[in-house]
Amino acid sequence: MSATQTRTGSCLCEANKFTVKGDPMLFVVCHCTNCKRQTGTAFMSNALFKEENIDFTSSQNLGQYSDSKTQSGSTIVRQFCNTCGSSMFIRPDQGKKLTGVWAIPVGLIDGSDTWTPTKEVFVEKKCSFVKELAINSPQ
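Residue numbers (the UniProt record's numbering): 1 to 139.
Hints are supplied without guarantee of correctness; some may be wrong.
In silico BS3-like links for lysine-lysine, alpha-carbon gap of 30 Å or less [claimed, not checked]:
(1) K36 to K50
(2) K126 to K50
(3) K36 to K21
(4) K17 to K69
For each label pair, taking beta carbons as the anchor points, the in silico distance ranges come out as [claimed, not checked]:
(5) F56 to M25: 16 to 24 Å
(6) L62 to E124: 26 to 34 Å
(7) L12 to G73: 28 to 36 Å
(8) G107 to I135: 16 to 24 Å
Since the hints were derived computationally from the structure, they do not count as laboratory data.
Note that CB positions come from ideal geometry on N, CA and C, so glycine has one too.
Based on the sequences and whatever the hints tell you, model everything.
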């Protein structure tokens, strides 16, 4: 895929739609307690994009939660659709130095099934039934 290819994405009810330009900078599988609680499952898979590569085409009824009890110690803002409950974006807290990078759950992005995770974090919190990712396997 070229760096200028644009992909679409949305929440479950499609009230919130966006596009992303190019491939993600990083594709992270996170095993931290807060991501597991947000998704209600064993881990969260996020694609990281520079803020300037994300465009909102429809943004309705987004809620947000400032998560200050993170394992990293940095406050992050978790945005979600107030209508269907889909997790939408994770971004740095506005009060902190902005990095300009947002995380988007990969399941929201059309065509993301061709991407492979590039990093796994908080592996010490990994559920025992989650198998090792190919990125961590010896070559």
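Failing hints, ascending? Result: no hint breaks.
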